[in-house]
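Model the full assembly from the supplied sequences, consistent with the hints where possible.
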Amino acid sequence: MHERLSFHIKRDSVIHRLNPLTKLVLILALILIAFTFPWYWAPHFLLLLAIIPLGILGRVFPEFFKTATRLILPAASFLFLMQAFFQPIGEDVIFKFYFLDITQESLMFAFRNAMRVFVMVSAFTLFLLTTHPSELMSDLTRRGLPPQFAYVIISTLQILPQMQAKAQTIIAAQRSRGLDTESTFLKRAGSVLPLVGPLVFGSLVEVEERAIAIEARGFTSKNVKTSLYEIPDPSFDKFIRWSLLGLVILSIAANLWPS
Amino acid sequence: MAFVNLQNVTYQYPLTKTPALQNINLQVDEGEFVAVVGPNGAGKSTLCYALAGFVPHFFKGEISGTIEVAGKESSKSTLDEWVLNVGLAFQNPFNQISGAKYTVFEEIAFGLENIGVPREEMKSRVEDAMALTGIRDLADRSPYSLSGGQQQRVALTSILVMRPRLLVLDEPTSQMDPIGTREVFGTIRKMAEDGMTVVLVEHKMEWIAQFADRVVALKDGSILLEGKPGEVLTSDLLAENGFGSSRYTSTAREAKKRGLWRKENLPVTLDEAVEGFALTLPFSSPKGAPRGRGESGK
Ligand SMILES: Nc1ncnc2c1ncn2[C@@H]1O[C@H](COP(=O)(O)OP(=O)(O)O)[C@@H](O)[C@H]1O
Ligand SMILES: [Mg+2]
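As you go down the protein sequences, you meet chains A and B in turn. Residue 157 in my numbering sits at position 157 of the first sequence, and the numbers go up by one each step. Residue 87 in my numbering sits at position 87 of the second sequence, and the numbers go up by one each step.
Any given hint might turn out to be false.
[What the hints assert, rightly or not] Dumping the calculated DSS-like pairs for lysine-lysine here, alpha-carbon to alpha-carbon at most 30 Å:
| hint | chain 1 | residue 1 | chain 2 | residue 2 |
| --- | --- | --- | --- | --- |
| 1 | B | 219 | A | 225 |
| 2 | B | 219 | B | 60 |
| 3 | B | 76 | B | 219 |
| 4 | B | 123 | B | 190 |
| 5 | B | 76 | B | 60 |
| 6 | B | 76 | B | 17 |
| 7 | B | 257 | B | 228 |
| 8 | B | 228 | B | 263 |
| 9 | B | 123 | A | 238 |
| 10 | B | 72 | A | 225 |
| 11 | A | 10 | B | 257 |
| 12 | B | 17 | B | 219 |
| 13 | A | 222 | B | 76 |
| 14 | B | 257 | B | 219 |
| 15 | B | 60 | A | 222 |
| 16 | A | 222 | B | 219 |
| 17 | B | 123 | A | 225 |
| 18 | B | 60 | A | 225 |
| 19 | B | 60 | B | 17 |
| 20 | B | 256 | B | 228 |
| 21 | B | 72 | A | 222 |
| 22 | B | 72 | B | 190 |
For the record, the hints were derived by calculation from the structure and aren't laboratory data.
Right, here's the structure in full:
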């Protein structure tokens, strides 16, 4: 079974030590600025001067680089190609491929959008790499997020791999009783039906038992909850958050400014 | 008055035709360790739910009679107050993992966070509870990466750490090996000696005989027999009603038919069996006999 069910990498760094909310605000600010600041090179600039340095400061650059090259880069490249070819803007055709034209404008447009998406996904990746989900939820719960909401998010994150493993077990069990899961699509679609029963019914019973188990551990207690982890929120963090908010407002204002 | 007091409790799940509990009268003193036995469907789990407040606060349905623990009445309480006094751990350990925590330490602290125990106290209580059940070395593991038996220990620890006055356990050792079972029974016994009241559903008769103060035998939702473990677990009434018995009891019962068991009472444990057979079998030597192999449960 999976020993590690989160992306989080336990290390000690300036970024790891930031309050989780600060990190959340930081990545949202980066994303908003990348999408709104009315300077063409803004997202490129952010990638070089914010995302990469943050990865290094957070001591997760190798992991970040792996995700970026294997996952984010292919996705962003795909987006770039689609937009470069299908964006019907500009006159100045610089490349022709059958009926598809690439113009200087569509190229520039696609490049910026791909970069924006790159920044967005990279920011989230950095966030996940440096933030422990439990700490994030404890912090947000302390700030007023309903605990049920936090519970649903975290348990879903954790349960998904479990569900997957269980589906595998059921498939193996049904297959050993002669279930066909490998021939044509239609046959297989029909043969998936017997899997639904155990998976859904099993899940309902499980949900009931799990509800009992967490209730038995005081989940609905009216006492004020405490947290195992102390999650510091020094005034430096508050200062960063307000500054970021200011930057985002400036960026949006600049975007809306009639030029 | 008894610490746990059930008076004429009858309960029927919604959409069912027969009651799962029928006219149950049961009293348990503080610090007493009571084991509940019975065939499948006898109502053992339902009894646990009734003690822990989930019947009727979670499972709806029809209930009559009164359930009292520590002088409070269940029907006049809310579930979140009730669970502060009564802890419940049940059979399937996988479904007892909260799913909200990444390590065993965090998992055990979950209940204490919920009821608002201050951080420092929380940490020391989690440490103590883990030491008690022998799972200190699992503290940093993911609860999902553990074996069934280890998960059962975590589930038990997660309830013990909340220090309930009544501990209700529904087959808590079903996935443990004999050594694990013995350790857990030892822990539960110790908790009872320290004043915790324990109601435990269990199939492993030998362990019940060694550790419990009293046995309640349930069948079809009613109490069939109740009393000292040695008497209840060897009674013919239980054997006739499809209750399992320990292998030593079964063997001695057969032996008795053939005149090879001379003692009045049948044995439940290995030691009792050895002692009894020593009287009839000339070649046996109770002192030097090799031991240990047959000590498993069931
Ligand atoms: N959630 C439920 N809804 C309806 N009937 C139930 C439910 N749980 C148990 N029962 C029924 O109640 C009876 C007692 O079950 P249970 O207490 O689980 O027995 P045991 O734990 O001794 O095996 C059984 O007939 C069972 O079918
Ligand atoms: Mg049961």
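Are the Cα atoms of residue 60 of chain B and residue 222 of chain A separated by 30 Å or less? Holds - the C-alpha atoms of residue 222 of chain A and residue 60 of chain B are around 22 Å apart, at most 30 Å.
Has the given pair, residue 76 of chain B with residue 60 of chain B, been kept, meaning a C-alpha gap of at most 30 Å? Since the Cα atoms of residue 76 of chain B and residue 60 of chain B sit roughly 15 Å apart, the hinted pair holds (cutoff 30 Å).
Holds or violated: residue 222 of chain A and residue 219 of chain B, Cα atoms, limit 30 Å. violated (38 Å)
Given the hinted pair residue 76 of chain B and residue 219 of chain B, is their alpha-carbon gap at most 30 Å? Judged against 30 Å, a Cα distance of about 28 Å means the pair holds.
Regarding the pair residue 257 of chain B and residue 228 of chain B, is the alpha-carbon distance no greater than 30 Å? holds (24 Å)
Hint check: residue 219 of chain B vs residue 60 of chain B, CA-CA at most 30 Å. Holds or violated? holds (22 Å)
Please work out if residue 72 of chain B and residue 190 of chain B have their alpha carbons no farther apart than 30 Å. Given pair residue 72 of chain B, residue 190 of chain B holds - Cα atoms ~25 Å apart, limit 30 Å.
CA of residue 76 of chain B to CA of residue 17 of chain B, is that 30 Å or under? holds (27 Å)
So if I understand the rule, the pair passes when the alpha-carbon distance is 30 Å or less; does residue 222 of chain A with residue 76 of chain B pass? Holds, at about 17 Å.
Is it true that the CA of residue 60 of chain B sits at most 30 Å from the CA of residue 17 of chain B? holds (14 Å)
For a C-alpha distance cap of 30 Å, please report whether residue 219 of chain B and residue 225 of chain A respect it. violated (42 Å)
Checking one constraint from the list: CA of residue 72 of chain B to CA of residue 222 of chain A, max 30 Å. Satisfied? holds (19 Å)
Taken one by one, the earlier hints fail for this structure at numbers 1, 11, 16, listed in ascending order.
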